[in-house]
Amino acid sequence: MSRVTVKLNGRDFTIGCEEGQEAYLRELAGSLDKRVSEISGQVGQIGDLRLLLMASLILVDDLKESDRKIAELEGQVQRLRHENHGAASLQAEARGQLTEHLARLADRMENFAATLEADDADPQGGDRTSAPDASLAEAGA
Numbered sequence: 001m002s003r004v005t006v007k008l009n010g011r012d013f014t015i016g017c018e019e020g021q022e023a024y025l026r027e028l029a030g031s032l033d034k035r036v037s038e039i040s041g042q043v044g045q046i047g048d049l050r051l052l053l054m055a056s057l058i059l060v061d062d063l064k065e066s067d068r069k070i071a072e073l074e075g076q077v078q079r080l081r082h083e084n085h086g087a088a089s090l091q092a093e094a095r096g097q098l099t100e101h102l103a104r105l106a107d108r109m110e111n112f113a114a115t116l117e118a119d120d121a122d123p124q125g126g127d128r129t130s131a132p133d134a135s136l137a138e139a140g141a
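Per UniProt numbering, residue 1 is the first one in the sequence shown, and the count goes up by one each step.
Source of the hints: derived by calculation from the structure; they are not laboratory data. Quantities reported herein were computed from a predicted structural model and do not represent experimental measurements. Treat each hint with caution, since some may be false.
Claimed, not checked - Computed cross-link-like contacts, DSSO-like style, restricted to lysine-lysine with a CA-CA straight-line distance of at most 27 Å: (1) Lys34 x Lys69; (2) Lys64 x Lys34; (3) Lys7 x Lys34.
What the hints assert, rightly or not - Pairwise CB distance ranges (calculated): (4) Glu100 x Asp67: 47 to 53 Å; (5) His82 x Ser2: 27 to 33 Å; (6) Val43 x Ser89: 57 to 63 Å; (7) Asp12 x Arg81: 49 to 55 Å; (8) Glu83 x Asp12: 51 to 57 Å.
Where a beta carbon is used, it is the ideal one built from N, C-alpha and C, also for glycine.
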């Protein structure tokens, strides 16, 4: 157990702490001393007990406000996670629809290519080639 001397409202106080916590304890005491000094500057020297009581109430108020903000932020994080999950579901659904559409389009293109290949292999074999020739002959007449 270590012992640390801290200053509060101009007075020295020696307190015990765990090994390795000395610097942190000094930091905490410095923050408290700053609060006490601010209060003392506003209301004057009203006694250590009242100054510490007022500083404690202000610090607890700050803590409550921080807790409220944390709860609010946690709620926002939950809401955003939920929205993100919904968006991810919609995105997955859209991706699936797009994949299906592309597969149907690929099938149509393959069928069209097969038709073109069949027409190239047998240029005289279907109505498709004769109809354009007939329309050209009619246009020339």
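### Query
Are Glu83 and Asp12 spaced within 51 to 57 Å by their CB atoms?
holds (55 Å)
### Message
Tell me if the beta carbons of His82 and Ser2 are separated by a distance inside 27 to 33 Å.
### Response
violated (48 Å)
### Message
Against the range 47 to 53 Å, how does the distance between the Cβ atoms of Glu100 and Asp67 compare: consistent or not?
### Response
Given about 50 Å between the Cβ atoms, the range holds.
### Query
Given the hint that Lys34 pairs with Lys69, does the C-alpha gap stay at or below 27 Å?
holds (24 Å)
### Query
Cβ-Cβ distance between Asp12 and Arg81: within 49 to 55 Å?
At roughly 50 Å between Cβ atoms, Arg81 and Asp12 fall inside 49 to 55 Å, so the hint holds.
### Query
In this structure, is the beta-carbon distance linking Val43 and Ser89 contained in 57 to 63 Å?
At 58 Å between Cβs, range holds.
### Task
For the pair supplied as a hint, Lys64 and Lys34, confirm whether the alpha-carbon distance does not exceed 27 Å.
Judged against 27 Å, a Cα distance of about 20 Å means the pair holds.
#### Entry: Agreement of Lys7 and Lys34 with the hint, judged by alpha carbon distance not exceeding 27 Å
holds (10 Å)
Going through the hint list in order, the structure does not satisfy hint 5, though it satisfies all others.
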